[in-house]
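Trainee: Okay, here's what each chain looks like letter by letter:
Protein chains: 2
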Amino acid sequence: MSTEESNIQRTEISELGEFKLIATLTSEFVQVQNSTIKSIGDDAAVIDLGDRAMVITTDLLVEWIHFDLMYTPLKHLGYKAVVVNLSDVYAMNAIPSHITVSISVSNRFSVEALQELYEGIRIACETYKVDLVGGDTTSSPKGLTLSVTAVGFQSKEKITYRNGAKAGDQIYVSGHLGAAYLGLQLLEREKQIYLENPNIQPDLENQDYVVGKFLKPEARKDTILWLAKSGVIPTAMMDLSDGLSSDLLHICKQSQCGAIIDEESVPIHTDAKLLAIKFNLDPITCALNGGEDYELLFCVKAEDTDKLKFLPDFYHIGEITTPDAGTQLRSSSGKLHPLTAQGWNHF
Amino acid sequence: MSTEESNIQRTEISELGEFKLIATLTSEFVQVQNSTIKSIGDDAAVIDLGDRAMVITTDLLVEWIHFDLMYTPLKHLGYKAVVVNLSDVYAMNAIPSHITVSISVSNRFSVEALQELYEGIRIACETYKVDLVGGDTTSSPKGLTLSVTAVGFQSKEKITYRNGAKAGDQIYVSGHLGAAYLGLQLLEREKQIYLENPNIQPDLENQDYVVGKFLKPEARKDTILWLAKSGVIPTAMMDLSDGLSSDLLHICKQSQCGAIIDEESVPIHTDAKLLAIKFNLDPITCALNGGEDYELLFCVKAEDTDKLKFLPDFYHIGEITTPDAGTQLRSSSGKLHPLTAQGWNHF
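Chains as they are written, first to last, in the working numbering: chain A, -9 to 337; chain B, -9 to 337.
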């Protein structure tokens, strides 16, 4: 009677990885709506509304895959679940306005626990001035799953994609990188210590910065507002969820260009540097390959760089090149090292 | 170290049920966007775009809670997951145009299995002329979860809510009721027989109609197009996902009115009647309380009823009354029985 095993061939999802899987699953879909400006493949989809465009993005967060409630307070989880979606809207240079939140929960969770979760969602809505307008609430056989969808709006000509970078454009990030990854490593280490001996309390002293970057990231609304005030529309932009290397490679691939990043220019917070060294990790590797920083990575025309000079949190890290130059990291000695995607792969 | 057990009080989710839970979780949320016309509490949220409005709705489908892959082909599941969301958009009298689909899957599923699922999603998109524009694809520790969000558009004055019914309005449904519930009962019975003896093949002969209504429902786009052609805007509308009784009570509560449904007018397909009798169930009980029919329930002004007279699948089933009359079923003998909500509660 089973309906699942009708296929003779069996390809494991892990053989493909996320991006190839999505390409395989959606290859036969045909676009029929004229209003679809951008479909799958950017931070958000873009729908034509006439003068304006609407952007829409969605994320699914699954317990034990994306979060661990051993060290993630439910309030922080709710906040983060909203913020990571708003970050995708800002990454299109749009302003988020509405979200929907669906959850499935097992009977392990009490009403009070869910109230904590929704308090985090509420604070994120308040902070970023978005309305929660819908969702679905259901039970699950095991664990907690959250699905958040965010929509936002912007004039069509201001929407920023991943595919507009051109050789000569200057590359920026909106903040320090690698800290979220190190925060996660720290929490995972403390969890292991706790599991081995529950009497030892976690040692997170002086680690507020890295732990905060992981547990309670912010979306860079301020960067988008500064860009607007300066009259600068980036040629390409995305948010850093998988890591600088992996994400820059997306921009290079979609813009059909290369890039050179200067190792010395990549901003890394002192707390992150110190923790990396403590963990015997190379800080630049954490900054390049650590995910979940939710900073913005964007490119601007060379003639626009003057307008960004005195803005807070605009870190110039490199330059877009022609595609034949590849995507490279220039070390302090001037040597070039090809960047590779070592981002998150949940499969 | 655990972050979950900080609450002293513990209220079980099952004590509240879905609607009270949602009310509890969202009670502190404040609306800040002027463009929010309708938030939580209808088939979809409504966002003001000027002349037009956008509607947005989302559903989360969880394996073992909402579907059983023992008897649900993945292609049908994909189709149904899209259709139930489109149904919510039509229930606002809007035309769906775009969807996003997120899935979390365990390694039990092969790429080929997911291709089946997406083939169903693709066929639904093709049938209803909507574009798949985004989503998220991730792993899960166990089982399959689908999250679909649908958006649609309509002139603001044509959007239909649940709260506009007035005494004297006439009540319609777009098709036969109760069949999906009976299809589910049949599949569940055959599953039990199969589990007890895997050599017995399921007996679904001559049950295409009821099984089809459960496994592969359609959204009533045609009803919306007929209404538009007739120049009739319903005063209230919703789609029948929880069952006629439960859903009509939503309209009555939100419209602050009562209703009388004529038992003899409730359309029940012969196949469903016969199966109900075979299962020792009362056909009208199945029609009133069986969920997942995805027909439209709508009210129109008495003066508009002439325009609907000769349309296919417009079943007149009763009348809206003043609130003091309650929400009642009038049996063939003329006796009144109060309708009660016995719809789905997954908690």
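In short, the hints are calculated from the structure, not lab data. Mixed in with the good hints, there may be bad ones.
Since copy identity is lost for identical chains, a pair holds within one copy or between any two.
Computed cross-link-like contacts, BS3-like style, restricted to lysine-lysine with a CA-CA straight-line distance of at most 25 Å [as the list claims (entries may be wrong)]:
no., residue 1, residue 2
1, K119, K146
2, K291, K146
3, K119, K148
4, K132, K263
5, K268, K297
6, K10, K219
7, K263, K146
8, K10, K132
9, K297, K10
10, K132, K181
11, K206, K299
12, K243, K181
13, K10, K243
14, K263, K156
Trainee: So, against the hints stated earlier in the document, which numbers end up violated here?
Mentor: Violated hints: 4, 5, 6, 7, 9, 11, 12, 14; rest satisfied.
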